[in-house]
Amino acid sequence: DGGITQSPKYLFRKEGQNVTLSCEQNLNHDAMYWYRQDPGQGLRLIYYSQIVNDFQKGDIAEGYSVSREKKESFPLTVTSAQKNPTAFYLCASSTQGRGPGDTQYFGPGTRLTVL
Amino acid sequence: KQEVTQIPAALSVPEGENLVLNCSFTDSAIYNLQWFRQDPGKGLTSLLLIQSSQREQTSGRLNASLDKSSGRSTLYIAASQPGDSATYLCAVIPMFSGGYNKLIFGAGTRLAVHP
Chain B
1426 DGGITQSPKY LFRKEGQNVT LSCEQNLNHD AMYWYRQDPG QGLRLIYYSQ IVNDFQKGDI
1486 AEGYSVSREK KESFPLTVTS AQKNPTAFYL CASSTQGRGP GDTQYFGPGT RLTVL
Chain Y
758 KQEVTQIPAA LSVPEGENLV LNCSFTDSAI YNLQWFRQDP GKGLTSLLLI QSSQREQTSG
818 RLNASLDKSS GRSTLYIAAS QPGDSATYLC AVIPMFSGGY NKLIFGAGTR LAVHP
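These protein sequence lines map, in sequence, to chains B and Y.
Everything in the first sequence is counted per this note's numbering, starting at 1426 for the first residue and increasing by one.
Everything in the second sequence is counted per this note's numbering, starting at 758 for the first residue and increasing by one.
A portion of the hints provided could be inaccurate.
Stated by the list, open to error - The calculated BS3-like cross-link candidates involving lysine-lysine, where the alpha carbons are at most 27 Å apart (straight line), are:
(1) Y:LYS799 <-> B:LYS1495
(2) B:LYS1482 <-> B:LYS1508
(3) B:LYS1508 <-> Y:LYS799
(4) B:LYS1439 <-> B:LYS1482
(5) B:LYS1482 <-> B:LYS1434
(6) Y:LYS799 <-> B:LYS1434
(7) B:LYS1482 <-> B:LYS1496
(8) B:LYS1496 <-> Y:LYS799
(9) B:LYS1508 <-> Y:LYS758
(10) B:LYS1496 <-> B:LYS1439
(11) B:LYS1434 <-> B:LYS1496
(12) Y:LYS825 <-> Y:LYS758
(13) Y:LYS758 <-> B:LYS1439
(14) B:LYS1508 <-> B:LYS1439
(15) B:LYS1482 <-> B:LYS1495
(16) B:LYS1482 <-> Y:LYS799
(17) B:LYS1482 <-> Y:LYS758
(18) B:LYS1434 <-> B:LYS1495
No lab work stands behind these hints: they were computed from the structure.
Using the sequences and the hints, build the whole thing.
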């Protein structure tokens, strides 16, 4: 089946730890995105990547880092510098990041809780 | 700065009712507008995408309209069913978004359809 997978589904982090969220897609999409969702709010863009080995900051990139070494994978690291990391994290992909008409396809999400 | 607002924030209706969800955006310079569905704790599923040159799109019992000049879109759900219960999110891609698919989301409308 083609699609986007995220792991783990639930993640718990202690204060001061870095954690990495996985996102993999087998849709052969060039562009990938990371969003954060807080209760009662819309999604906010953290980072995006239009092509392998290239990525750009979104609206709320502080305290996060990403890499794009493979087309299929776009892991997100939540660092200890992120002051309020408890949230629901969603990964998405689209055929290309430059066209305005591309639909973004979303993964099932990872819920991160800081203990 | 583009902002997207959805009204109402929550809606509870009996099964069988026709209902309308509203979305407004502050800047009419958009490429397209999308409606998504999100089930609790899950990712987003794209329902309808309306290009800026279009006025409406239909899929089954769903009909979405777009009035770009007034900055409004509505999602019409006919003959609602309990399975329609979910959060519905509206998102736009601004025209001047740096050449990539930057989705700006509303906070969503949480719909409950009771038997």
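Which numbered conditions among the earlier hints are violated in the structure presented, ordered from lowest to highest? Structure breaks hints 10, 13.
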